[in-house]
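Q: Residue-level listing of the chains:
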Amino acid sequence: MQVVQTVFQADEVSRVFEPARGTIEKLTDRLTGKRPAIVQAVDRVSLSLAQGETLGIVGESGCGKSTLARMITGILPVSGGTRRFRGEDYESFLARRRDALKVQMVFQDPMSSLNGRLKVGEIIGEGAVVHGIVPRSRMREHAAKMLERVGLAADSIDRYPHQFSGGQRQRIGIARALAVEPELLVCDEAVAALDVSVQAQIINLLMDIRQESGLSMIFISHDLGLIRHLCDRVAVMYLGRVVELAKTSELFGNPVHPYTQMLLAGMPRISTERRTFMPIKGEIPSPLNPPSGCHFHPRCDRATDHCRISRPDLREKGPSHLHACLNA
Amino acid sequence: MNRAAFAEFAGRFSESWVAVASLVVTVLFLACALFAPWLSPTNPYDLARLQLIDALKPMGSPQVKPGEEIRANFALTQGQLIPEANDTDFEVEACGANCFIVGLADSSAQLMSLQLRGLPRDAIVDGASKHPIQPWWTLNAPENNQARVRFENLPADARVEAIARTDNQPTGFIFQLGSDAFGRDMLSAILYGIRISVFVGVAAAGSAMLFGTGLGLLAAWRGGAIDAMIMRAVDFTLSFPAILVGLAILAILGSGVEKVILAVVLVQWCYYARTARSLALSELNKEYIEAARGMRLPAWRIMLRHVLPNCLPQIIVLFTLNIASAISLESSLSFLGVGLPLTQPSLGMLIANGYEYIFSQKYWISFGPGIVLLIMIVAMNLLGDRLRDLNNPRFES
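Chains as they are written, first to last, in the working numbering: chain A, 1 to 328; chain B, 1001 to 1397.
The shape of chain A in the complex, shown without the other chains (with noise of 0.2 Å):
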């Protein structure tokens, strides 16, 4: 049997947001002995990604994916938990940045995500110039390679974001990730932007890329459908935990925790003629004040008196099906 490479691996990660405070507010607060109110966007996640897969992670607008996203990547740190690149913790694998670079993503927002004061070549070439990849020399053709492995044309290097549809912006900022060879591509919506039909340009170019490059993928999304077509294994978050995590097919066909059954239900589909969705009860709860014990228990038919004490972990219910209810 083929030994399965780890490449990536989050272990109990949190993420903790405080509101900015000014030094006499932060002086006041230590001497009133009043704690300031906390966000916890990312609760305790656990997450491992084989080589060449591609773990999907769907969830509410707010639930803490792309906290997670920017966690995976590097560009946020944690406020608990370990991080592992290949076995490596974090904290040295981000002090070398040249390696560092092995973990890119792609953004959400292709309006915001190019510097518009740049030319686009600078944009996808910079990084690789910046860590010695490519000499600078070099620069124009290495990000004219990139443009045509996303299929823009290789004189766009000389244009700037704003001459460009948001398709084609998103393309380039897939261009700025590949150029700097990376290992695990982290999407934060990347099509969420996008008019459907663009959309599928775009996800079919990122499975291309998978498909050439072999490289492991984390596609974060709203939309389940295409964390369907893509993912090898899904993770559903709800308020900044992790509630289910399967291969795909499993998850799909097979759901055991409440709120990803009520996902699923909510999920059009071509086959049934239904012309009304039941949207999933109640409103997220606020992540400055979470419901106690497990997360969803206000809104969900199944709970129970133990649902609003204990926190329920993550356990097994077969083969690498993962799930956090207390009474599934």
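The reader is advised that the hints may include incorrect statements.
Stated by the list, open to error - To give a feel for the contact side, a few chain B residues facing chain A, derived at Cβ under 10 Å:
| hint | residue |
| --- | --- |
| 1 | 1004 |
| 2 | 1223 |
| 3 | 1225 |
| 4 | 1227 |
| 5 | 1288 |
| 6 | 1289 |
| 7 | 1291 |
| 8 | 1293 |
| 9 | 1294 |
| 10 | 1296 |
| 11 | 1298 |
| 12 | 1301 |
Stated by the list, open to error - Stretches of chain A that chain B covers, calculated by requiring three or more beta carbons in the stretch to come under 8 Å of a beta carbon on chain B:
| hint | region |
| --- | --- |
| 13 | 63-75 |
| 14 | 94-102 |
| 15 | 125-137 |
| 16 | 166-180 |
These are calculated hints, taken from the structure and not from any lab test.
Note that CB positions come from ideal geometry on N, CA and C, so glycine has one too.
Using the hints, position chain B against chain A.
A: Here is chain B on its own, set in the frame of chain A:
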């Protein structure tokens, strides 16, 4: 900025004729500042060329070359009148017995008078009037700059002194804007004053921009205690009136161009620091900065190559406005007498110099520099306002 964006910007800019006019005026003033040595008719810094006779002349007065005196001594010996010490200014010709013609060698300029002294009492100088007591014969406006001297009896030995006086003469140069108390041409002084004022304004506002923007970016990047310290320093500086800070600094350091620049920098850096910090903070939240972090670029590179260029348009607008305010601050300080040295007058100092004469109807000394300063500052402010409006995305005309 690429060509199309620039064309669009220029098009929007030129929608306002006031803005175009102020741009033209500003460019004219910058040209005056750059080319003052070639534009100005005289060099007002050349103190050796100043003459008191030209002082306080009203607008349009001619410059005057003051009258001169040329003296020479002659010895009358053995029937000959011979210049002493080989003096060549005068020439002596004989015109018969006991008759000499004394004349100026260079007869190009008409003499006001030619006076002969030390002649014997019975000597006759044609057309001259004798001093009632002294043996001085004075010939006014002598023909050909010559005097004919006839002696009844030629004395054996006498010393004769000739004094030729020329009149004050216009040099052909006109003080178009009058002259100041030192006889300095006000037009030249204003042109050089613009040069000094613009230089101080641009240098001071530029240094303040570099210093303030740097600190603002540092505050935005580091945050925390450094941010708090820099921003409280900004608040502290802003809580004093600019002119007071400038006066205090110059009172301690003394006057001088570099000290005025330092004073303006210490007054103005806080505007740039505050603006740069807030702009940088909003830029730092954008995804392209996260992308740069993902590229593991060094922090200084992210700040200077990604954040700074995106903040620059607003900072340049601030710079345009602050040049005008730096010029007016420098002029105020110079007016109060703590700014630039007297030998290199800026517009403010020229106004101050004229201030003591303004009530004796010699208005032109303050008037010219005052009008010029007013136009310059108004034009620069209008220009800066327009640039600021164009930079505001909510601005739709």
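Q: Against this structure, judge whether each hint is valid.
A: Checked hints:
1. 1004: Since the shortest Cβ distance to chain A is 9 Å, the answer is holds.
2. 1223: With a minimum Cβ separation of about 9 Å from chain A (threshold 10 Å), the hint on residue 1223(B) holds.
3. 1225: Holds, about 7 Å.
4. 1227: 9 Å, holds
5. 1288: 4 Å, holds
6. 1289: With Cβ-Cβ at 8 Å, under 10 Å, it holds.
7. 1291: Holds, because the Cβ-Cβ distance from residue 1291(B) to chain A comes to roughly 5 Å (cut-off 10 Å).
8. 1293: 5 Å, holds
9. 1294: 5 Å, holds
10. 1296: 4 Å, holds
11. 1298: 8 Å, holds
12. 1301: 7 Å, holds
13. 63-75: holds (count 4)
14. 94-102: holds (count 5)
15. 125-137: With 4 residues in contact (Cβ-Cβ under 8 Å with chain B), the coverage given for the region 125-137 of chain A holds.
16. 166-180: With 4 residues in contact (Cβ-Cβ under 8 Å with chain B), the coverage given for the region 166-180 of chain A holds.
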